[in-house]
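> Protein sequence lines, in the order shown, are assigned to chains A and B.
Quick note: the first sequence uses this note's numbering, first residue 2, plus one each step.
Quick note: the second sequence uses this note's numbering, first residue 10, plus one each step.
Treat the hints loosely; a few may be bogus.
Unchecked claim - Below 25 Å or equal to it, Euclidean Cα-Cα: the simulated DSS-like pairs (lysine-lysine) are: (1) B:Lys-410 to A:Lys-165; (2) A:Lys-79 to B:Lys-426; (3) B:Lys-347 to B:Lys-118; (4) B:Lys-212 to B:Lys-185; (5) B:Lys-189 to B:Lys-118; (6) B:Lys-410 to B:Lys-373.
Claimed, not checked - Selected chain A positions facing chain B (Cβ under 10 Å, derived; list incomplete): (7) Leu-35; (8) Tyr-80; (9) Asn-84; (10) Gln-149; (11) Asp-152; (12) Leu-153; (13) Arg-198; (14) Asn-200; (15) Arg-202; (16) Ala-204; (17) His-214; (18) Phe-239; (19) Asp-244; (20) Asp-248.
As the list claims (entries may be wrong) - Listed next, the stretches of chain A that the computed footprint assigns to chain B, with coverage defined by at least 3 CB atoms under 8 Å from CB atoms of chain B: (21) 156-166; (22) 189-195.
Hints in this document: simulated from the structure, not taken from any laboratory.
Heads up, the beta-carbon is just placed ideally off N, CA and C, and yes, glycines get one too.
Letter by letter, the chains look like this.
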Amino acid sequence: MDRQYQKYVGDFIIWSVLLTMPLWLHLVGGYTPLGTRVLIMALAAMALNFLLGYTGVLSFGHAAYFGLGAYGAGLTIKYLIPNTLAGMGVGLIVGIVAAAIIGLLIIRLRGIYFAMVTIAFGQVFYFIAYRWNNITGGDDGLSGWSRQPIDLGFFKIDILHDEKAFYYFVLFFFAISVAIMAAILRSPFGRTLLAIRENERRARFLGIPIDRHVWMSWLISCTFVSLAGTLYALLNNFADPHDLRWDQSGDFVMMAVLGGMRSFWGPLIGAAMFVVLQDYVSSMTSNWMSFIGLFFVLVVLFCPRGVLGIIRRRQVQ
Amino acid sequence: MSEDIINRPVGRRRVLQAGLAIGAMQVTSPFVVKALGEVPVKIGMDNTFTGTYAELGRNEQMGSELAVQEINKKGGILGRPVVLLSEDSTSADTGTAVQKAHKLIERDKVSLVLDSVNSAMALAIGEVTAQAGVMNIVTGGHTDAVTGTDCHWNVFRICNTTRMETNSMSKLLFDKFGKKWYFITPDYAFGHTLQQGFEASLKKFGGTEVGASLTPLGTTDFSSYLIKAQAANPDVIIFLHAGQDMINALKQAVQFGLDKRFHIAGAQQELEALNGLPPNARIGNWVFEWYWNQPNVPHVKEFVAAIRKLNNGKVPTARHWFGYAATWTYALIANEKKTLDARVLAKGLEGFTLPPEVALMPDKVFFRAGDHQLMPNLYIGHAVAHGSVPEDLFHVDQVVKGIDVAPPVSETGCHIKWPA
Numbered sequence: 002m003d004r005q006y007q008k009y010v011g012d013f014i015i016w017s018v019l020l021t022m023p024l025w026l027h028l029v030g031g032y033t034p035l036g037t038r039v040l041i042m043a044l045a046a047m048a049l050n051f052l053l054g055y056t057g058v059l060s061f062g063h064a065a066y067f068g069l070g071a072y073g074a075g076l077t078i079k080y081l082i083p084n085t086l087a088g089m090g091v092g093l094i095v096g097i098v099a100a101a102i103i104g105l106l107i108i109r110l111r112g113i114y115f116a117m118v119t120i121a122f123g124q125v126f127y128f129i130a131y132r133w134n135n136i137t138g139g140d141d142g143l144s145g146w147s148r149q150p151i152d153l154g155f156f157k158i159d160i161l162h163d164e165k166a167f168y169y170f171v172l173f174f175f176a177i178s179v180a181i182m183a184a185i186l187r188s189p190f191g192r193t194l195l196a197i198r199e200n201e202r203r204a205r206f207l208g209i210p211i212d213r214h215v216w217m218s219w220l221i222s223c224t225f226v227s228l229a230g231t232l233y234a235l236l237n238n239f240a241d242p243h244d245l246r247w248d249q250s251g252d253f254v255m256m257a258v259l260g261g262m263r264s265f266w267g268p269l270i271g272a273a274m275f276v277v278l279q280d281y282v283s284s285m286t287s288n289w290m291s292f293i294g295l296f297f298v299l300v301v302l303f304c305p306r307g308v309l310g311i312i313r314r315r316q317v318q
Numbered sequence: 010m011s012e013d014i015i016n017r018p019v020g021r022r023r024v025l026q027a028g029l030a031i032g033a034m035q036v037t038s039p040f041v042v043k044a045l046g047e048v049p050v051k052i053g054m055d056n057t058f059t060g061t062y063a064e065l066g067r068n069e070q071m072g073s074e075l076a077v078q079e080i081n082k083k084g085g086i087l088g089r090p091v092v093l094l095s096e097d098s099t100s101a102d103t104g105t106a107v108q109k110a111h112k113l114i115e116r117d118k119v120s121l122v123l124d125s126v127n128s129a130m131a132l133a134i135g136e137v138t139a140q141a142g143v144m145n146i147v148t149g150g151h152t153d154a155v156t157g158t159d160c161h162w163n164v165f166r167i168c169n170t171t172r173m174e175t176n177s178m179s180k181l182l183f184d185k186f187g188k189k190w191y192f193i194t195p196d197y198a199f200g201h202t203l204q205q206g207f208e209a210s211l212k213k214f215g216g217t218e219v220g221a222s223l224t225p226l227g228t229t230d231f232s233s234y235l236i237k238a239q240a241a242n243p244d245v246i247i248f249l250h251a252g253q254d255m256i257n258a259l260k261q262a263v264q265f266g267l268d269k270r271f272h273i274a275g276a277q278q279e280l281e282a283l284n285g286l287p288p289n290a291r292i293g294n295w296v297f298e299w300y301w302n303q304p305n306v307p308h309v310k311e312f313v314a315a316i317r318k319l320n321n322g323k324v325p326t327a328r329h330w331f332g333y334a335a336t337w338t339y340a341l342i343a344n345e346k347k348t349l350d351a352r353v354l355a356k357g358l359e360g361f362t363l364p365p366e367v368a369l370m371p372d373k374v375f376f377r378a379g380d381h382q383l384m385p386n387l388y389i390g391h392a393v394a395h396g397s398v399p400e401d402l403f404h405v406d407q408v409v410k411g412i413d414v415a416p417p418v419s420e421t422g423c424h425i426k427w428p429a
């Protein structure tokens, strides 16, 4: 009963912070697009954590689907229809289709082999974006387009010029995605994923089709990463081959581990710390990467279950 | 007693504490710098201070810092002091660069954004500043689109376009060294546009391209490309690399003895790269965008001396000049127009001529009205193993005017749309 109560308090605090962020962010030296970036990175990290923390499968190639979402949205808005939602739809579908096909090829692998193959497939997409100069702009990235105001017929939202409107636009998709992921995790399917994480062999003996479950989990995870990618492209009004590269995947893993990959909100905290730390420290010294690295080492050494892991441990004690 | 202190064993804990203290000093020290003046005019630099382009980005920053010092000595902008806020964009992550541009504009309220060695970042930041209506001067991103198809009313550029660089070289190469060319090109947008530029010239003059090799960025072993180039038997082998790639490619070309049998040349070359080469590999004909050894040009000596003081005694490179000229450009136009209004300043910069103490070049240096591209001099010459002094690694054979080698505005694809 007490645990349940605490959980509601936690959710309430997180949602009220997210809802009011644009109102107070400038008071603490932030700015609205920073908040938007935290949300997008958090969505990507939480989606990755669906696979990593709840199914126990480590992917090092999620940036590929992040980037496919970004390029899908950018290319659609630039060449096909100047419509933000259409761009997001195309980006999402491209990401899902690629993830579904590649997922079929790799689900039989486990552990380090799975991680290596996801990197390999990720780099394939990176090099396509990097080399196909005529379409993707190659190394120069995809520029010359921008997100368009949303026209709902009776109501128009100017997400292009109003940064706060765009923040709430992103928060809307963030909330939906998080709700869906939470609902899936509570369902029998979600519980099965936990069982696979805890003991795959035992789950197999229970007659659970492991590969199909891992594939579904992979697909769900990649879907939300693609969504985060489309939002990221809209935030920057730009798609960049770097979005698809393996080090971007590494950043997502770092965020999940920093915050705590055994807790639902952990990656959100991790993403917030990662983005804010990078933003602040890099203004002060060009050696900022050493500090982020040091911070990561300290977290892994002293709280291997991430920052949220500490809180949870206190509760247990 | 004193001996005790010296001989006391240093524990692990002490070492860790010292490490943390040194780390903390790095973070806290810039706050002191920020506390200058009352209502300063803020200039934001969003550039590559870490990664592949770190040296180039820092050199631009140093040039900009020198300009800020000089501007403040001469009364600032509109009587207000000037501060330079620098943000690291990393060398590859354009998302971070965009983020930092937002930070400079929305949080720090800068009046001018200076960026970036990386062309992709220059394009992306141009979109941000155009949306926000903030002045933007591109220091060192060369891709044609910045003042071409993706040009904006508020974006001006100091460094040359890739097309200006190839146009300045091609006639010389064709007339002097032969009409059969082989390209060794880094496989990304910068290399591709350079090669296209040379191919266009080659077609115009009636020469032949006997082959081309695309090398991935970061190639360390160029032997297979060099063997292919050798087999094609060209008159000229053209290297279009930058940075470490250029260093590796030229070193290996010399090891293969290619410099004895073919002519080696290319487009853009930088002092940073020549510095990294062994003397016997400082070969070939290139174009520099600015050079420190210009004995007959007024004010250059003073600039070189001032940078030497900041740069551990080393001479300025073209990158220093980019940062310096970009920062001074803004101060000059703002003081002339007596406003910081971006629209007025952008209109004022169209056709604006840099004074000799900023231009540091023999001919008239001005911003072209149609595409906001600076029309500087370009320095065609050849690398030398040993110069008059150790830093003199390039011999300027000919100085051309930017306006003579730049394609006309109608061919750049730039149509500037002013905000309503």
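> Check the structure against each numbered hint from earlier and tell me which ones fail, lowest number first.
Of the numbered hints, 1, 5, 8, 9, 10, 11, 12, 13, 14, 15, 16, 17, 22 do not hold.
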